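Given chain V, put chain Z in place with the hints provided.
Protein chains: 2
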Amino acid sequence: MIKVIILGSGNVGTHLFKAFKNNIDIEIIQWYSRDLKNINQYSDVVKITDELNELEVADVYILAINDDSINELSSKLPFTNRLVCHTSGSKSINELDSKNRQAIFYPLQTFSKDSEIDFTKIPLCLESFSSKDMNLLKNIATTLNCDYYEISSVQREKLHLAAVFVNNFTNHLFTIAKEITDESNIDFDILKPLISETVQKIYKLDPKEAQTGPAVRNDKETINKHIQDLKSNDHKQLYKLMTSLINNLDHEKL
Amino acid sequence: MIKVIILGSGNVGTHLFKAFKNNIDIEIIQWYSRDLKNINQYSDVVKITDELNELEVADVYILAINDDSINELSSKLPFTNRLVCHTSGSKSINELDSKNRQAIFYPLQTFSKDSEIDFTKIPLCLESFSSKDMNLLKNIATTLNCDYYEISSVQREKLHLAAVFVNNFTNHLFTIAKEITDESNIDFDILKPLISETVQKIYKLDPKEAQTGPAVRNDKETINKHIQDLKSNDHKQLYKLMTSLINNLDHEKL
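Top line first, the protein sequences correspond to chains V and Z. Counted the way my numbering counts, the first sequence spans residues 1 to 254. Counted the way my numbering counts, the second sequence spans residues 1001 to 1254.
Hints were generated in silico from the structure; no laboratory data involved. Quantities reported herein were computed from a predicted structural model and do not represent experimental measurements. Just so you know, nobody snuck in bad clues.
Below, in silico cross-link-like pairs of lysine-lysine (DSSO-like), each with a Cα-Cα straight-line distance of 27 Å or less:
| no. | chain 1 | residue 1 | chain 2 | residue 2 |
| --- | --- | --- | --- | --- |
| 1 | V | LYS21 | Z | LYS1204 |
| 2 | V | LYS121 | Z | LYS1204 |
| 3 | Z | LYS1208 | V | LYS240 |
| 4 | V | LYS208 | Z | LYS1192 |
| 5 | Z | LYS1178 | Z | LYS1231 |
| 6 | Z | LYS1178 | V | LYS204 |
| 7 | V | LYS138 | Z | LYS1192 |
| 8 | V | LYS121 | Z | LYS1121 |
| 9 | Z | LYS1204 | V | LYS178 |
| 10 | V | LYS47 | V | LYS21 |
| 11 | Z | LYS1178 | V | LYS208 |
| 12 | Z | LYS1231 | V | LYS240 |
| 13 | Z | LYS1192 | V | LYS18 |
| 14 | V | LYS236 | Z | LYS1208 |
| 15 | Z | LYS1220 | Z | LYS1231 |
| 16 | Z | LYS1240 | V | LYS225 |
| 17 | V | LYS192 | Z | LYS1018 |
| 18 | Z | LYS1121 | Z | LYS1132 |
Chain Z is faced by these chain V residues, among others (derived, beta-carbon under 8 Å):
| no. | residue |
| --- | --- |
| 19 | SER90 |
| 20 | THR110 |
| 21 | TYR149 |
| 22 | ALA163 |
| 23 | ASN168 |
| 24 | PHE169 |
| 25 | ASN171 |
| 26 | PRO193 |
| 27 | ILE195 |
| 28 | TYR203 |
| 29 | GLY213 |
| 30 | ASP234 |
| 31 | LEU249 |
Backbone N, C-alpha and C define an ideal beta-carbon position, used for all residues, glycine too.
Same shape as in the complex, but just chain V (with noise of 0.2 Å):
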């Protein structure tokens, strides 16, 4: 049995917590959060706590919590040489206090608290400075059944980044599309089948072979046609920008 205990109750703690509850390979010793009406709720099933104090031993201490909040929770935890690793995509490993011995258990995905998430499905970037401990780390992705990728600081925050464009600058995209079906009085379901094809074809093509379109067309009457018909004008220059990128990159290809 894996000893671990939680501390932090947001999006990546709640959903740590139930991905652990389930698994016989784990034991939750605690779970910790300054706030303890977060987590009052599963106090039925796990030991529950707000007091740093009163943290018990454990074999591993997930940090889920905010960025900013790393490096003084790490620095006051009252121990020292355990093994300490924070869920965070975009900090380093040495925002966590060195008296214990810092890993990273970073599951990459987008969490809300409305939706469930198949937690299997989460690679997880881990890192630390010991075999062992990465033995460890190894061992809970193992099993939870994670596919799970030794990624240092550096690698991790251009992973961070990338995530950045795969994730909200992509969601941002079906935002603008809603504003404009909305406008004209069409379903946005009509795009959902086409949405959902976008990233099925990542599963079988490199997406720089998958693109297609008017930008890659070069059709200008087509994208002159879509400029004007946009109405604000930061949408009409994110739309000739992703086209000028677009295009640059075919013409690299010929």
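Chain Z only, in chain V's frame:
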């Protein structure tokens, strides 16, 4: 039996042929291509021709050809007053010569030859000038088991614009993300579950509500680090523009 003639042997024409071929309610009378070698392989199962003068009588003629050829080909058809539709997202119904009964049969999906597709998952956008013609198009959609929508040419232009955002531009974001991961020797596969979940969310939440990330949190430290990390100036500009669009929208919401 609905008698259909397909004109064109590109991706859309080929996928239509495959969808119609196994359908007991549809009879493919002929398949026309100006270049017979594109469809020669199907000559055992369908009559093929490269001569407009050889076209037989059918209930509907579906022009699955380049946008720029629609007007010319439709005016060269050696008959009048028959139902002729095109499959383009961006061309008006009036692009078709009015000597025949004009209509639209636009499958809103991204097609590529390499990628098999479940035709029943494709929404069909239909338009015509008479209810009789519309009913025939609806019958085809129903027999294919497809969702269909009556969409005017004006709406279709907007829908096509929205499709460019969710498909072409989204795919280019994936391309940029792959560039970033490739440069840092990170396996692009790590991002695929995140990409899938980004899309799954639109089935549950309005994309505006699903927005997460440094832009929405106005996390300036991460944003500046990301802009610094990007190598190309165009990508920096894109990052800034998307970030400001997401951030502005969030302020509107509050």
